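Working from the sequences, and respecting the hints, build out all of it.
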Amino acid sequence: MGLATREAYGKALVELGKENENIVVLDADLSKSTKTADFAKEYPNRFINAGIAEQNLLGMSAGLARYGKVPFASTFAVFATGRAFEIIRNSICYPKANVKIAATHAGITVGEDGGSHQSIEDIAIMNSLPNMSLLVPADAKETNEIIKYAAKHVGPVYIRLGRLNSEDIFGDDYKFEYGKGVCLKEGDDCTIISTGLMSAMAKNACETLKEQGINVRLIHMPTIKPIDREIIEKAAKETKFILTCEEHSVIGGLGQIVASVTSETVPTKVIKLGINDVFGESATPKELLQKHGLSSENIVNIIKANI
Amino acid sequence: MYKKLQSHAINIRKNIVAMITESKSGHPGGSLSGVEILTYLYFKEMNINKDNLDSKERDYFILSKGHAAPVLYATLSEAGFIEEKELMTLRKLGSKLQGHPDSKKIKAIDVSTGSLGQGISNAVGVAIGAKIDNANSTIYTLLGDGELQEGLVWEALMSAAHYKLDNLVAFVDYNKLQIDGNNEDVMGIKPLDKKFESFGWNVITIDGHDFKQIEKALQSEKETKQKPTVIIANTVKGKGVSFMENNAGWHGSAPSIEQRDLALNELENMRKGCL
Numbered sequence: 290m291g292l293a294t295r296e297a298y299g300k301a302l303v304e305l306g307k308e309n310e311n312i313v314v315l316d317a318d319l320s321k322s323t324k325t326a327d328f329a330k331e332y333p334n335r336f337i338n339a340g341i342a343e344q345n346l347l348g349m350s351a352g353l354a355r356y357g358k359v360p361f362a363s364t365f366a367v368f369a370t371g372r373a374f375e376i377i378r379n380s381i382c383y384p385k386a387n388v389k390i391a392a393t394h395a396g397i398t399v400g401e402d403g404g405s406h407q408s409i410e411d412i413a414i415m416n417s418l419p420n421m422s423l424l425v426p427a428d429a430k431e432t433n434e435i436i437k438y439a440a441k442h443v444g445p446v447y448i449r450l451g452r453l454n455s456e457d458i459f460g461d462d463y464k465f466e467y468g469k470g471v472c473l474k475e476g477d478d479c480t481i482i483s484t485g486l487m488s489a490m491a492k493n494a495c496e497t498l499k500e501q502g503i504n505v506r507l508i509h510m511p512t513i514k515p516i517d518r519e520i521i522e523k524a525a526k527e528t529k530f531i532l533t534c535e536e537h538s539v540i541g542g543l544g545q546i547v548a549s550v551t552s553e554t555v556p557t558k559v560i561k562l563g564i565n566d567v568f569g570e571s572a573t574p575k576e577l578l579q580k581h582g583l584s585s586e587n588i589v590n591i592i593k594a595n596i
Numbered sequence: 466m467y468k469k470l471q472s473h474a475i476n477i478r479k480n481i482v483a484m485i486t487e488s489k490s491g492h493p494g495g496s497l498s499g500v501e502i503l504t505y506l507y508f509k510e511m512n513i514n515k516d517n518l519d520s521k522e523r524d525y526f527i528l529s530k531g532h533a534a535p536v537l538y539a540t541l542s543e544a545g546f547i548e549e550k551e552l553m554t555l556r557k558l559g560s561k562l563q564g565h566p567d568s569k570k571i572k573a574i575d576v577s578t579g580s581l582g583q584g585i586s587n588a589v590g591v592a593i594g595a596k597i598d599n600a601n602s603t604i605y606t607l608l609g610d611g612e613l614q615e616g617l618v619w620e621a622l623m624s625a626a627h628y629k630l631d632n633l634v635a636f637v638d639y640n641k642l643q644i645d646g647n648n649e650d651v652m653g654i655k656p657l658d659k660k661f662e663s664f665g666w667n668v669i670t671i672d673g674h675d676f677k678q679i680e681k682a683l684q685s686e687k688e689t690k691q692k693p694t695v696i697i698a699n700t701v702k703g704k705g706v707s708f709m710e711n712n713a714g715w716h717g718s719a720p721s722i723e724q725r726d727l728a729l730n731e732l733e734n735m736r737k738g739c740l
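So the protein sequences, as listed, match chains A and B. The number in my numbering is simply the position in the first sequence, starting from 1, with 289 added. The number in my numbering is simply the position in the second sequence, starting from 1, with 465 added.
Calculated directly from the structure, the hints in this document are not laboratory data. What you were told as hints is all true, and nothing was included just to trick you.
Here are the simulated EDC-like pairs of lysine to aspartate or glutamate, each with C-alpha atoms no more than 20 angstroms apart in a straight line:
hint : chain 1 : residue 1 : chain 2 : residue 2
1    : B       : Lys521    : A       : Glu310
2    : B       : Lys569    : A       : Glu375
3    : B       : Lys596    : A       : Glu331
Restraint-style ranges between C-beta atoms, simulated for each label pair:
hint : chain 1 : residue 1 : chain 2 : residue 2 : range
4    : A       : Pro419    : B       : Lys681    : 37 to 47 angstroms
5    : A       : Asn565    : B       : Asp516    : 52 to 62 angstroms
6    : A       : Lys437    : B       : Lys655    : 49 to 59 angstroms
7    : B       : Ser663    : A       : Gly582    : 44 to 54 angstroms
8    : B       : Glu549    : A       : His442    : 36 to 46 angstroms
9    : A       : Pro515    : B       : Lys561    : 26 to 36 angstroms
Small disclaimer: the values here were computed from a predicted structure and weren't measured. Backbone N, C-alpha and C define an ideal beta-carbon position, used for all residues, glycine too.
Okay, structure coming up:
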């Protein structure tokens, strides 16, 4: 197991803080969980704790961006996108403020804290906002790349990070390309399009399927908005069907985004694996993933049933 | 002593009435109540001009009560930041003068506002940025009294005191009225001074239409260190137009052509009276 993406985020911030004096980091009393505490220790005069006040966390970030700073604001995904939604809309996206929202503890792998803290709708909410870029890394290396990219990108960015340690899938030479899907495995029987921690599971599933003679194309999608239409359309043309995998509601998530691309240009069957319009609950992350069918075994079963 | 400012204020009031009549929609009441505050800030107080907008070493103004956009537009026109003829495009398709201030469209507008409570929170962020850079900037913001009912305002007030932002000055345009009527009938906000004090702010209460009192308040603000300052400005909603004064009905409705002419006439007579 590699580092959790939230931990990779904390480390990337410290590196960035050294290179760029304009980086400021804000948190809402969760700096030990979101891992911004590392930055706070290193650069105390550029760390602002908003206290338990997510609306002001994002409102102050917009003001700092107006002043020419590059603010990274962190809290749990459920509070950033839920509690503070309208501040993200009107203070950040509407004026195109240069704010980076790095939201941790996204998805059901928050685990024991339960459904109140498990964000299953943040991709849907953030994807609906004009001017927003939406990035979801799969592992620690990609998180580092994405955080460094976000600091250079001019405009609002939402970065979806997880609590759970994630399997490393990228080597040191990996370079993140904004707006591009990453083909992790070629294949022409069918296609899996995945994001976040599901990409590692999908990768393992593809290996199992290959041993059984099924050749799956695997596309990891680190940029959800703007979506890479080209790679989706190509997969839709060249393979029999698409399975999307995400730790998010099937409503408004990657699956619907992919389906909306194919339905316009290359009508294709799109099967969506995700959270089926229900809230989460308390359990270990592993138990929850299993319960919702977010596993390599289930991906193998779905592909075999549909091929 | 304040004749020049009074003359600017009358021009600004006339343009507020004219532009809202032309657009057939907008918020005259809360625009007219803030005229002296914006006039004083843009003509006497703030270090801001067309040439230093890109500089960090300047002052900032954020209209937290964004629906009072006409007073901001009319003041920016009077101060030469936007052309006067543009005022008559208010709220029309393709106009830079959106219903609520849009920083993407007008360079002199520091922050887009309109959703209440967000401007003060943004102002805290700008003030923290200026503190980090040790910049010689003061950040001014104008809040509505009804706006104080938004929870975000109090989050922002708490953080401004916590971070000891003595470079932040908030005015409250305390005209006592909001859309549904008196503040105290809709959702009581009293006692305002004590609320701000208990949140760690330096509090000054003035008549918000008296330039002398505005001047004195801003002078005393400069002597206050380690604390943000709020200037509670007692004002009259619709100030300067007799039939609009103290009438909640003029919060968000446009005058007819006849009402406009009546108002412009009154304001011109007021100029004769004070000059």
